[in-house]
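Asks: Sequence:
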Amino acid sequence: ACIVQPGFRPDIPPMPVLEGIRGEPSVEVQPYDLDARARIDRNLTEKAVAYIHSHSREEKPFFLYVPFTLPHSPPLPHPDFVDPNRTQYQNVLAEIDSNAGRIIDAVDAAGVADVTIVIFASDNGPETLQGISVAYGGQSDPGPFRGEFPSAWEGAIRVPCILRWPGRIKPGRVSNEMVSIQDFYRTFARIAGASHLVPSDRAIDSIDQSDFLFDNKEKSNRDSLIWFLDQEMLAVKLPRFKAHLRIRETAHGAVMMPGQQAFSAKKVELAKPWIFDLENDPKELWNIAAMNPWIGHVLGPLFAAYANSTVVFPNIKPSSNVCPWPPSAQKNGTGRSAFSV
Numbered sequence: 017a018c019i020v021q022p023g024f025r026p027d028i029p030p031m032p033v034l035e036g037i038r039g040e041p042s043v044e045v046q047p048y049d050l051d052a053r054a055r056i057d058r059n060l061t062e063k064a065v066a067y068i069h070s071h072s073r074e075e076k077p078f079f080l081y082v083p084f085t086l087p088h089s090p091p092l093p094h095p096d097f098v099d100p101n102r103t104q105y106q107n108v109l110a111e112i113d114s115n116a117g118r119i120i121d122a123v124d125a126a127g128v129a130d131v132t133i134v135i136f137a138s139d140n141g142p143e144t145l146q147g148i149s150v151a152y153g154g155q156s157d158p159g160p161f162r163g164e165f166p167s168a169w170e171g172a173i174r175v176p177c178i179l180r181w182p183g184r185i186k187p188g189r190v191s192n193e194m195v196s197i198q199d200f201y202r203t204f205a206r207i208a209g210a211s212h213l214v215p216s217d218r219a220i221d222s223i224d225q226s227d228f229l230f231d232n233k234e235k236s237n238r239d240s241l242i243w244f245l246d247q248e249m250l251a252v253k254l255p256r257f258k259a260h261l262r263i264r265e266t267a268h269g270a271v272m273m274p275g276q277q278a279f280s281a282k283k284v285e286l287a288k289p290w291i292f293d294l295e296n297d298p299k300e301l302w303n304i305a306a307m308n309p310w311i312g313h314v315l316g317p318l319f320a321a322y323a324n325s326t327v328v329f330p331n332i333k334p335s336s337n338v339c340p341w342p343p344s345a346q347k348n349g350t351g352r353s354a355f356s357v
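For the sequence shown, our numbering assigns the number 17 to the initial residue and increments by one for each residue that follows.
In short, the hints are calculated from the structure, not lab data.
Computed from a prediction, not measured in an experiment: that's the story for all the values here.
A couple of the hints might just be wrong.
To be verified - Under the rule of at most 30 Å between Cα atoms (straight-line distance), these lysine-lysine pairs were calculated in the DSSO-like manner:
#1 Lys333 / Lys299
#2 Lys186 / Lys233
#3 Lys235 / Lys76
#4 Lys299 / Lys233
#5 Lys299 / Lys288
#6 Lys299 / Lys283
#7 Lys333 / Lys283
#8 Lys76 / Lys63
#9 Lys235 / Lys299
#10 Lys282 / Lys333
#11 Lys282 / Lys299
#12 Lys333 / Lys288
Work the whole structure out from these sequences, hints included.
Replies: Next up, the structure:
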C-alpha cells in the first residue's frame, strides 16, 4: 500500500505487469505495486538467463534486450539487496551489478561467449529526486558534467557504454569518441549480415561503427549528433563543441517542483545559441559564441541538412502509423544519413 502521499486513493488499481509473445495477446501477470517494483528486475534477469540457455542448447542465433527498470525512480531494490547502512539508490546499484553479472555468466556458461556481443549501455544520464520519503545522499551524480535527464546538457546525454566480444574487441580498450545508440542499428545489421535489410527509401540517422568498435579504428565515424526532446531540437553536439538552442530550467519562485527537476522544468528558448568548448569546459559554464563566430559556419550546414531532410522525409508523428512521405521520395530515397552534408 502507498503510504507516501496524503489523500492516496487505494481503490484506484495500479498498472499491471504484462507478458506477451509475438502474435498473441498480452496477458496480465500481476499488479505493478511496490512489491512488484522491488522484484521486477530479478524476474527479468531470470527470464533472460533461461532464454540464453534455451537458445544456446538449440544452437539458435538470438537477440536479447534486457531493459532493467532500475535505477529509475522509485529506486526500490530486491529484498536481498536492502542494506540499511546505504541509501536505496546505492542498494539498487548493487542489484544492477549482480543482475548484469548473472546474464554475462549465463553467456559464458552456455559456451557462446566468443560468438556473442554483450552491450551494457544507458539511454540517458541520471536524475535527482526530492520530496517526501526520498533517501537523501548517495543518489545519482553526473560527475564532472552539468545537468540531468531529460535535457541536452552533457550530464544527461553523455553516458558510458561497455561492449564485450572476445577475439574482436581488445580487452581494456577505452575511448572518449562520440557514438550514438542509434548507430547500433546499422552497425549490428552489418555484423549480422543484414545490411541489405536496412531501408534505403529514407534518411536514417544511424552510422555503421563496426570498424571503430570491433577493428580498433581510432576515430569514430560520427562527427555530429542532434538532440531532441518532445519533437523539439535542443542541441547539436560535435566532437569538441556543442550548441544549445533550447534548455530546461528548474522551476523556482512561487512554484517548487519536487522530484525530477529537469523533467518538470520550464522550457527556455534561447535568443542565440549557447556554444561550449566541451574539452576545456565540460561543465558547460562558459558560452563562447560571441568570440567564435566561425563555429556558425560549421553548425550551419548541419542545421540545413537536417531541415532539408525533413522536407523530403517529414518526421513521423508519435503514435502515428501513417507514412507522410510522398511516393517519389520513397522511390528515390538514397538512404543517406539526415546529417550527410
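Asks: Each hint needs a verdict: does it hold in this structure or not?
Replies: We went through each hint and held it up to the structure:
Under the criterion of a C-alpha separation no larger than 30 Å, the hint pairing Lys333 with Lys299 is inconsistent with the structure, at around 33 Å. Between the alpha carbons of Lys186 and Lys233 the distance comes to roughly 11 Å, so the proposed pair stays at or under 30 Å and holds. Among the hinted pairs, Lys235 with Lys76 is inconsistent with the structure: their alpha-carbon atoms are about 34 Å apart, more than 30 Å. Among the hinted pairs, Lys299 with Lys233 is consistent with the structure: their alpha-carbon atoms are about 29 Å apart, no more than 30 Å.
A distance of roughly 19 Å separates the Cα atoms of Lys299 and Lys288; the hinted pair therefore holds under the 30 Å criterion. Taking the CA atoms of Lys299 and Lys283, the gap is near 20 Å; set against the 30 Å cutoff, the hint holds. Between the alpha carbons of Lys333 and Lys283 the distance comes to roughly 21 Å, so the proposed pair stays at or under 30 Å and holds. In summary, the hint linking Lys76 to Lys63 is supported, as the alpha carbons are separated by about 17 Å, within the 30 Å threshold.
Using a Cα cut-off of 30 Å, the hinted pair Lys235 and Lys299 holds, with the two alpha carbons roughly 24 Å apart. About 23 Å separates the Cα atoms of Lys282 and Lys333, which keeps this hinted pair within 30 Å; it holds. Our distance criterion of 30 Å between C-alpha atoms is met by Lys282 and Lys299, whose separation comes to about 20 Å. At roughly 27 Å between alpha-carbon atoms, Lys333 and Lys288 fall within 30 Å of each other, so this suggested pair holds.
The structure is inconsistent with the numbered hints 1, 3, although it conforms to all the rest.
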